[in-house]
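*Asks:* Using the sequences and the accompanying hints, generate a full structural model.
So you can see what is in the structure, the chains are spelled out below.
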Amino acid sequence: MAQLIETRELVKEYLMGSNRVFALRGVSVTIAEGEFVAIMGASGSGKSTFMNLLGCLDSPTSGDYLLAGENVSALSGDQLAAIRNRRIGFVFQQFNLLPRTSAQDNVELPLLYSTVPAAERRARAVARLTEVGLEARLDHHPAQLSGGQQQRVAIARALVNDPALILADEPTGALDSRTSIEIMALLQKLNRQGMTIVVVTHEPDIAEFASRILHFRDGRVLSDQPNAPRDAEAQLVQLAQLAAPEPEAAA
Amino acid sequence: MNLLATLRIALKALRVNLLRSTLTMLGIIIGVAAVITMIAVGGGAQARIQEQIKSLGSNSMILIPGSTTASGVRLGAGANQNLTEDDAAAIANEVPEVQVAAPSSRSSGQLIAGGSNWATQIYGVTPDYLEARDWPLATGRVFEPAELAGSAKVVLIGQTVATQLFGDMDPMGQSIRVRNVPFTVIGVLSSKGQSMMGTDQDDVVMVPLSTARNRLFGNTQGKLRRVGTIQVKVREGASMDDAEEKIRALMRQRQRTQPGQADAFTLRNLTEMLAAQEESSRVMTLLLAAVASVSLLVGGIGIMNIMLVSVTERTREIGLRMAVGARGSDILTQFLVEAITLSSIGGLIGIVLGVGGSWTIGAFAGWATRLSPQSIVLAVGFSAAIGIFFGFYPARKASRLLPIEALRYE
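Chains A and B supply the protein sequences, listed in that same order. Going by the numbering used here, the residue at position 104 of the first sequence is 138; the numbering climbs one at a time, nothing skipped. Going by the numbering used here, the residue at position 146 of the second sequence is 180; the numbering climbs one at a time, nothing skipped.
Hints listed in this document are in silico derivations from the structure and should not be mistaken for laboratory results. The reader is advised that the hints may include incorrect statements.
[Unchecked claim] Quick partial rundown of chain B residues pointing at chain A, CB under 8 Å, derived from the structure:
id: 1; residue: 351
id: 2; residue: 360
id: 3; residue: 361
id: 4; residue: 400
Don't be surprised by glycine CBs; every beta carbon is placed ideally from N, CA and C.
*Replies:* Here it is in structure tokens:
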């Protein structure tokens, strides 16, 4: 499989007053197309910084980052914005949906910053929301949706531009355990369809759903191991058998 | 990102905080309404002065004899009776800009009608005089050619004279003795009100020029057909300055004035004096508008203030938009459009209120107001400009946020 992500000795340092603080001290990682990678580590381990660099939200102090063969470590702000728009879908811990805005409009948002005509925007947003099982909630505002549903809207938004990569930063951090598994099941389904997914998490249970786990500590990769992923779908069925069927978790 | 979508986002953002948006707009609304109303009030004052110019007779000039020197004693203007009816005819015929040139003589005298008497101004005129001064009759008729030629004893009386001599009675056909000569009233002049100097222009009687010459003012003037003044009305659209120059040249020639010698007459452009007054009211209007503009400025600062608050409040939204691909310029446009929308809607409401306010002042305070389309265009342009000017700083601030920091903002 082709390499989607290749980082070479990525270094990121910040100035805190007059102190130089290293967030990343040289990280070289390659991720192939179609992988499902979990990045773990304590806070301050550099995993979030690495995530920001992978997401082209920030530029490294030194080192190279090749995304689908293109070196993006030295691009300008506007060029990075275009890359984020076309190549990367983000899923955040706090969902980051626009308040008082319908699910459909939220999903259309990335398309507003590309050159997709209005009719196609609508069609694609509806298709993605259907894919995440929210075809009946197109007009609902975030406040009218449960946490799990909000995160599904966010995933639909991440998918709407047909990105090469989905970056999920603690996607289950604000959800209860059952809903967390549902979200992971959705991500696994997308991964089976060929989507490359990188999840940052500090919960080992969540990392278990990935096929490869990277551990970060002190700005370096501590370990990089393949993992036999747990099947979230099967776990859901198990849960349903154990407990009496309960309604979908409220927000 | 196209402009229509941006505008829709802006309208939505403003609707979410409807009360806040409305209060912010209020500054612009009041400013624009004040500017329009003030300019309308000032314009009304100007219009009223123009009315006065009209009452003088529009485009009018007056030719009076110059001073004369008798044995080294210089007499004042008008002392030298050197204008004639022929001068008037020559001006009317030879200066193309001139519509009418009406000779007139003036004196004062006592009027007697029945048991009452009244001292007033007596004018010897031709019907041209009334035309030159835009002075129509209220009732009756003007002098006929036969009356002008035959020194007929007919008289037109002013409103004040009519009231003083006849009270509520109809003066038409009544007999008046002017300087003890019996006349018949054939018409009443319409009211002209006070002159600029405060004298009552309606306190007057008019008789044919020939009658005045031969029967009332009778002296040597008679043979020479001398007149006191020549009232000139310049054609609509013709240049007053050109007319003035040509009349001056013509009169110098007719009076055989040598080059270098002073004019033996005075030509006064009455319109000029009022134009000066009009100018001062224009300055007043500008002053009022300037004061009103200050409130527009304050309104603009209000917009900037609220946009800054909005940028801070929506930092996470900005971060998200950037994460999904918005460039700095997209964010800049979005907030700028929001500010412009705010100020433009405020401007439109201000126009409605300003027009309504001018109308109300006109209707209830009885002030003349005149809306000027320019002031409306100006107000719209100004309010949009305020949106751009005061919206730019907050918008730029938003566009320079770093996506990761904006996303993490609490």
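*Asks:* Against this structure, judge whether each hint is valid.
*Replies:* Going down the list of hints, with the structure as the test:
For residue 351 of chain B, the shortest C-beta to C-beta distance to chain A is roughly 6 Å, which falls under 8 Å, so the interface hint holds. Proximity of residue 360 of chain B to chain A holds as hinted, the smallest CB-CB distance being about 5 Å (cut-off 8 Å). With its C-beta approaching chain A no nearer than about 4 Å, residue 361 of chain B sits inside the 8 Å limit, and its interface hint holds. Interface restraint check for residue 400 of chain B: the shortest CB-CB distance to chain A comes to about 50 Å, outside 8 Å, so the restraint is violated.
Hint violations for this structure: number 4 only, all remaining hints satisfied.
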